[in-house]
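K.L.:
Okay, here's what each chain looks like letter by letter:
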Amino acid sequence: MAHSWHPPKFVLLVGLFAILMGGALCIPLHAADTEVAILCSHRAAPYEQTIEGFKAYVSGCGIRANFQVVQLEGERDRAEAAVQQVKEARPGLVLALGAIATHQASQILSDVPVVAGLILTTEEIEARKNITGVILDFPLEMQFQWLLKILPKSRNVGALYNKERNSRRIEEAIRVARDMGLTLHAQPVTSPSEIPRALEAIAKQVDVIWGIPDDMVYTPQTAKHILLFSFRSSIPVIGLSDAWVKAGALYALEWDYRDLGKQCGEIAEEILKGNKFNLPRPRWPRTVRLSVNKKTAARLNVKLQEGVLGGSSLIHE
Amino acid sequence: MSASRIHAFQTCIVLITLLFMIQSLVFAELSPPGDGTAADEMLLFQEIPSVYSASRFEQKVTEAPASVTVVTRQEIRAYGHRTLADILQSVPGFYATYDRNYNYVGVRGFGRPGDYNSRVLLLIDGHRVNDQVYDTAPIGTEFPLDIDLIERVEIVRGPSSSVYGANAFFGVVNVITRRGDDIKGAELSGDAGSFNTYKGRATYGNRFENGFEGVASASIMHSAGQSLFFKEFDRPDTGNGVARHCDTDAFQNYFARMSFKDFSLEGAYNTRDKRIPTAAFDTLFDDPAARTVDEHGFLDFKFQHAFRNDLSMMARLYYDHYDFKQDSPYDRDAPDQARHRVLFRDEARGESLGGDVQLSKRLFDSHNVLVGAEYRRNFRQDQFSFDVEPFFQYLSQRVNSANWGIYAQDDYEILPGLRLSAGLRFDYYESFGDFLNPRLGLIYQPFDKTVIKLLYGSAFRVPNAYELYYQDGGITAKANEALKPETIDTYELVWEQGFGKHLTLHASGYYWSMRDLINQRVDPSDGLLVFENLDEATGKGVEIGLDGKWANGIQGRVSYSWQRAEDSAGDWLTNSPEHMAKLNLMLPVIPERLFAGSELRYMSPRKTVHDKKSDDSYVMNLTLSAPNVFKGLDLSASVYNLLNQDYGDPGSESNRQDLIPQDGISFRLKATYSF
Chain P
1 MAHSWHPPKF
11 VLLVGLFAIL
21 MGGALCIPLH
31 AADTEVAILC
41 SHRAAPYEQT
51 IEGFKAYVSG
61 CGIRANFQVV
71 QLEGERDRAE
81 AAVQQVKEAR
91 PGLVLALGAI
101 ATHQASQILS
111 DVPVVAGLIL
121 TTEEIEARKN
131 ITGVILDFPL
141 EMQFQWLLKI
151 LPKSRNVGAL
161 YNKERNSRRI
171 EEAIRVARDM
181 GLTLHAQPVT
191 SPSEIPRALE
201 AIAKQVDVIW
211 GIPDDMVYTP
221 QTAKHILLFS
231 FRSSIPVIGL
241 SDAWVKAGAL
251 YALEWDYRDL
261 GKQCGEIAEE
271 ILKGNKFNLP
281 RPRWPRTVRL
291 SVNKKTAARL
301 NVKLQEGVLG
311 GSSLIHE
Chain R
1 MSASRIHAFQ
11 TCIVLITLLF
21 MIQSLVFAEL
31 SPPGDGTAAD
41 EMLLFQEIPS
51 VYSASRFEQK
61 VTEAPASVTV
71 VTRQEIRAYG
81 HRTLADILQS
91 VPGFYATYDR
101 NYNYVGVRGF
111 GRPGDYNSRV
121 LLLIDGHRVN
131 DQVYDTAPIG
141 TEFPLDIDLI
151 ERVEIVRGPS
161 SSVYGANAFF
171 GVVNVITRRG
181 DDIKGAELSG
191 DAGSFNTYKG
201 RATYGNRFEN
211 GFEGVASASI
221 MHSAGQSLFF
231 KEFDRPDTGN
241 GVARHCDTDA
251 FQNYFARMSF
261 KDFSLEGAYN
271 TRDKRIPTAA
281 FDTLFDDPAA
291 RTVDEHGFLD
301 FKFQHAFRND
311 LSMMARLYYD
321 HYDFKQDSPY
331 DRDAPDQARH
341 RVLFRDEARG
351 ESLGGDVQLS
361 KRLFDSHNVL
371 VGAEYRRNFR
381 QDQFSFDVEP
391 FFQYLSQRVN
401 SANWGIYAQD
411 DYEILPGLRL
421 SAGLRFDYYE
431 SFGDFLNPRL
441 GLIYQPFDKT
451 VIKLLYGSAF
461 RVPNAYELYY
471 QDGGITAKAN
481 EALKPETIDT
491 YELVWEQGFG
501 KHLTLHASGY
511 YWSMRDLINQ
521 RVDPSDGLLV
531 FENLDEATGK
541 GVEIGLDGKW
551 ANGIQGRVSY
561 SWQRAEDSAG
571 DWLTNSPEHM
581 AKLNLMLPVI
591 PERLFAGSEL
601 RYMSPRKTVH
611 DKKSDDSYVM
621 NLTLSAPNVF
631 KGLDLSASVY
641 NLLNQDYGDP
651 GSESNRQDLI
661 PQDGISFRLK
671 ATYSF
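Protein chains in written order, with the working numbering: chain P, 1 to 317; chain R, 1 to 675.
Where hints are given, some of them may not hold.
To be verified - List of simulated lysine-lysine pairs, BS3-like, C-alpha gap at most 30 angstroms:
(1) 261(R) <-> 153(P)
(2) 224(P) <-> 261(R)
(3) 153(P) <-> 361(R)
(4) 149(P) <-> 261(R)
Unchecked claim - Which chain P residues stay away from chain R? Per the calculated CB distances, all over 10 angstroms, these:
(5) 129
(6) 138
(7) 163
To be verified - Only part of the chain R face toward chain P is listed, based on derived beta-carbon distances under 7 angstroms:
(8) 41
(9) 43
(10) 44
(11) 45
(12) 552
(13) 591
(14) 592
Hints are computed from structural coordinates only; laboratory data are not their basis.
Built from N, CA and C at the ideal position, the CB exists for glycine as well.
Put together the whole structure using the sequences plus the hints.
P.N.:
This is how it looks when you write it as structure tokens:
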């Protein structure tokens with residue numbers, strides 16, 4: 001039977017490897033000037049990339065920081081206790097990623113500067129003087145400019161929304177759209193079961209359906225229905241993100257999450273090197289990546305203009 | 001300690017480990033899954049998984065007309081898989097055997113010793129990899145792609161000849177490579193392991209501003225192997241059964257892919273040199289000259305475009321190269337009656353050119369129609385066998401062949417939640433005439449998380465050049481040019497059921513019936529190996545698997561397969577385990593810092609070619625990985641066969657050994673630096 005393994009070289013390698021691994025795991029135990037806690041709402045690639053970008057920027061700008069990542073695993077109950085623990089550790093700065101982390105940070109951390117990222121609105125942080133961040137959205141003007149760039153003949157834009165959650169956004173969008181020569185046909189719904197009727201109601205009026213982050217209208221359960229409606233009636237859907245484009249939406253404005261992290265890092269630098277009690281205003285993401293589904297474009301007879309797809313575009317075909 | 005006590009001790013460890021793992025899964029399921037309302041931003045990040053292989057166009061796994069498993073890059077890293085064989089044997093219903101030269105895949109109870117993986121179609125990015133002479137799907141160290149370059153592996157069970165043609169008999173394995181945009185820079189990777197095994201890789205990949213995307217990679221591996229004891233050779237004149245320096249393995253891999261707009265060019269090349277310690281085909285034992293050298297290479301030029309009116313087109317041109325050399329030392333009678341050591345050599349060379357055109361279109365809102373045509377010219381399928389010194393030729397066979405096929409498939413959404421997938425392919429082979437293969441699938445989704453599939457398909461395999469023409473002048477084998485193609489019909493019922501947010505159950509029952517099975521046996525009249533058509537073989541079985549994935553990073557799969565494959569006389573087929581159970585579990589040990597991936601595989605006894613039975617086996621592997629420990633440096637440590645299980649895989653007619661011993665406990669340390 002096989003002799004399994006001969007030690008000398010291997011023992012040396014195991015020892016070396018153990019030292020490397022142990023050393024690597026112990027690195028954060030060394031003293032650092034600033035404790036930075038990172039509250040992460042979910043465990044997914046966009047969060048990881050944002051954290052990577054943030055850490056890389058902060059470490060590279062001369063701030064000696066010790067990062068502590070706290071995973072909240074999407075659990076609101078657990079988040080409260082976790083953020084309480086972070087508070088007791090008295091970090092110099094907190095990066096809160098996602099709605100759960102930002103909500104708990106806004107409730108519990110009143111005397112620590114917080115940079116929020118991957119949040120869809122500023123509602124939660126507007127009233128707090130110790131919180132700022134980068135919003136996971138783009139200015140309405142920019143969104144409609146892209147719409148006109150990709151679908152230049154569009155004049156009537158449809159939108160489904162939950163009145164209780166998104167009235168303010170829709171009112172603002174109607175105004176901005178009007179200023180840009182577009183008419184926004186907004187159809188409120190009060191439950192997902194109303195979506196088919198709402199789609200039929202706007203079908204004859206609109207050239208395109210504009211997706212907005214609304215957790216009643218845009219869910220995995222409703223996605224198939226909305227996208228099939230789009231195919232059947234040849235009305236393109238502007239997706240919420242790359243994942244939606246992959247599933248069949250025509251295009252979406254997507255984020256560069258590493259750059260988002262870097263942007264959060266820049267705000268952190270301003271705070272840590274400057275006044276901790278006069279935080280800058282929340283910012284829009286500065287990088288936009290266009291995500292396009294060429295199959296959908298072909299099916300809906302949408303001709304993508306030359307030059308629309310840049311090198312950084314995400315293309316599904 | 002007696003053997004039975006050792007066995008009992010090992011069984012206890014396995015049971016305790018199983019209990020621990022199952023407990024982890026159960027507690028993970030019972031722990032609160034959150035408040036049930038997704039955080040707003042998660043609306044943007046949710047993925048809808050899709051699979052390309054089952055129908056040659058992208059579709060959801062649940063809508064594919066087959067039972068499909070997808071193994072991701074994350075799983076490959078977490079479980080420390082080293083070869084494609086490692087990946088396949090972690091999948092429900094699949095198993096792999098190793099004769100200490102090549103790895104062979106068994107599926108659904110069929111894994112005949114002496115076959116060369118010709119009943120599974122292997123693809124890299126949709127390009128056929130099975131060679132032109134033996135139809136072999138290379139899944140061991142001779143696989144042309146470094147395992148680190150795999151993005152995911154799509155494993156489609158059942159016959160798919162209605163779309164892919166020959167060899168898609170028991171399944172199709174499509175390996176999808178990483179793109180430049182996935183790599184975004186350079187990677188250097190090195191690993192060291194037991195048996196003085198060292199491997200290195202350098203890769204660069206990126207997508208540039210002008211849309212050009214490219215990947216280039218080179219890998220090299222060398223393993224000194226082990227000194228192995230074979231009781232069948234335990235005599236003083238054969239070194240008391242110990243083969244020294246006869247297990248060496250070495251390969252070099254090169255891969256490149258570039259794409260711009262609708263065009264892509266991809267190429268891979270692998271050369272592998274493996275010594276053979278088993279004295280297969282009655283060669284001299286403990287002679288390091290016994291070895292095989294394999295070369296696989298291909299170039300694939302592809303154009304893919306989505307036209308207006310929902311019409312998509314794919315066209316490809318390709319070139320395939322295969323080169324094989326096997327050295328076999330023999331002790332022969334010379335004319336002077338003295339015995340001499342003679343080096344006998346087999347060589348095989350294959351070269352092909354081919355093309356493939358495919359159109360897909362959505363019609364009347366409810367039909368997804370795919371039509372295609374394929375032509376392949378094997379302009380070289382040569383085999384030679386000769387004594388090297390003094391030169392004497394036994395076989396010089398130069399053949400070529402051509403085949404073409406046309407196919408169509410329609411996926412019809414009859415009603416919301418009810419789909420019919422119907423496919424038909426016509427193939428014509430110069431030597432064997434025509435074949436018609438249908439596939440039918442009825443896919444019913446009565447509820448959001450419930451999918452039921454009723455599937456039927458047929459497939460064929462023409463005898464390959466080796467089975468038809470190989471002979472070595474009456475030393476060990478003779479040719480049989482009267483071989484007929486073999487065919488298979490498969491019926492299958494699949495049930496996929498989601499439970500809550502985290503668990504998915506896959507269950508399937510199947511029955512297959514194969515006619516004119518090509519099988520290697522020893523002709524009692526002259527003692528020579530020959531391939532012959534058996535009457536029929538049948539198989540039936542049940543596969544059940546439960547997949548779990550939780551937000552806290554725990555994910556795993558537990559599966560059980562029962563299968564019974566027998567020939568027309570009702571005799572159990574060789575190398576066909578009746579029961580298999582597998583458990584895979586990944587979990588974070590230190591969040592963000594350290595992850596553990598463990599797999600446990602159980603296989604019940606298998607019948608050997610000498611009508612005996614192997615022991616059952618429990619193999620457990622464990623990998624610890626620490627990602628990004630220091631600015632792009634990933635480290636991992638793996639232990640394979642942690643329980644040091646002493647087990648063997650059934651040998652073939654060419655082996656004197658009834659069971660070929662497998663590796664005991666072994667280790668690997670790996671570091672990858674990305675920059």
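K.L.:
Compare the structure with each hint and give your call.
P.N.:
Hints and how they fare:
At roughly 26 angstroms between alpha-carbon atoms, residue 261(R) and residue 153(P) fall within 30 angstroms of each other, so this suggested pair holds. The hinted pair formed by residue 224(P) and residue 261(R) meets the criterion: a straight-line CA distance of about 29 angstroms does not exceed 30 angstroms. Among the hinted pairs, residue 153(P) with residue 361(R) is consistent with the structure: their alpha-carbon atoms are about 26 angstroms apart, no more than 30 angstroms. Under the criterion of a C-alpha separation no larger than 30 angstroms, the hint pairing residue 149(P) with residue 261(R) is consistent with the structure, at around 21 angstroms.
The claim that residue 129(P) lies off the interface holds: its Cβ sits roughly 23 angstroms from the closest Cβ of chain R, which is beyond the 10 angstroms cut-off. The non-interface label for residue 138(P) is consistent with chain R: the shortest C-beta to C-beta separation is roughly 12 angstroms, beyond 10 angstroms. Distance check on residue 163(P): its Cβ is at least 17 angstroms (rounded) from any Cβ of chain R, clearing the 10 angstroms threshold; non-interface status holds. A least Cβ separation of about 5 angstroms between residue 41(R) and chain P falls short of the 7 angstroms threshold, and the interface hint therefore holds.
Look at residue 43(R): its Cβ gets to within about 5 angstroms of chain P, closer than 7 angstroms, so that hint holds up. Nearest Cβ of chain P to the Cβ of residue 44(R): about 4 angstroms, under the 7 angstroms cut. The hint holds. Interface restraint check: residue 45(R) against chain P, minimum CB-CB distance 5 angstroms, threshold 7 angstroms, status holds. A hinted interface residue such as residue 552(R) counts as satisfied when its beta carbon comes closer than 7 angstroms to some beta carbon of chain P; here the least separation is about 5 angstroms, so the hint holds.
Given the 7 angstroms rule on beta carbons, the hint for residue 591(R) holds: about 5 angstroms separates it from the nearest Cβ of chain P. Interface restraint check for residue 592(R): the shortest CB-CB distance to chain P comes to about 5 angstroms, inside 7 angstroms, so the restraint holds.
In the structure shown, no violation is registered for any of the earlier numbered hints.
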